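Given only the sequences and the hints, what does the whole structure look like? Please build it.
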Amino acid sequence: MTSTSPQPPGAPAWQDRETLRFLLEDCTTWAVVGLSGDTTRTAYQIAAQLQARGKRIVPIHPSAPTVLGEQGYASLVDVPFPIDVVDVFRRSEAAGQFADEAVKVGARGVWFQLGVIDLDAFERTTEAGVPMVMDTCPAIEWRRP
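Those letters in the sequence shown? Residues 1 to 145, by the numbering used here.
Among the hints, erroneous ones may be present.
Label pairs and their in silico Cβ distance ranges [claimed, not checked]:
1) Arg-91 / Glu-123: 15 to 25 Å
2) Gly-37 / Asp-16: 14 to 24 Å
3) Asp-16 / Gly-106: 13 to 23 Å
4) Leu-119 / Ile-140: 13 to 23 Å
Honestly, the hints are just simulated from the structure, not real lab data. As the structure is a prediction and not an experimental result, all values here were calculated from the model. No residue lacks a Cβ here, since even glycine has one placed at the ideal position from N, Cα and C.
Written out as structure tokens, the structure is:
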């Protein structure tokens, strides 16, 4: 994906090509909300792909497990270093709070995974100056021309 990729006609604002490019190419530390050690879960598989692409993953889960060799934290506010992207693997009705927390901790972007849409959270987050995408997945976006 390059910054010259045009926005496809009819594409939703929350899948802006430049925002996708920024998050995937310019951001390195990804807090993955909902990441546990369960290798059958999508969050685990995507976190492994993020690592394979050189991203540092930070598991965010109430039990704070160590996952893929990275120390977990119970919440975003517990992470003692800057976060670039907050990647949310939660249902739409529970995801908005993590967008709000991402803004509070100074994250550079928010990513809601495939099937996760919260229009109010998108509005709040982008109005706060934090770029956000929803209803897509890094694995999908990396495959796009």
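Report the numbers of all earlier hints that the structure fails to satisfy, in ascending order. 2
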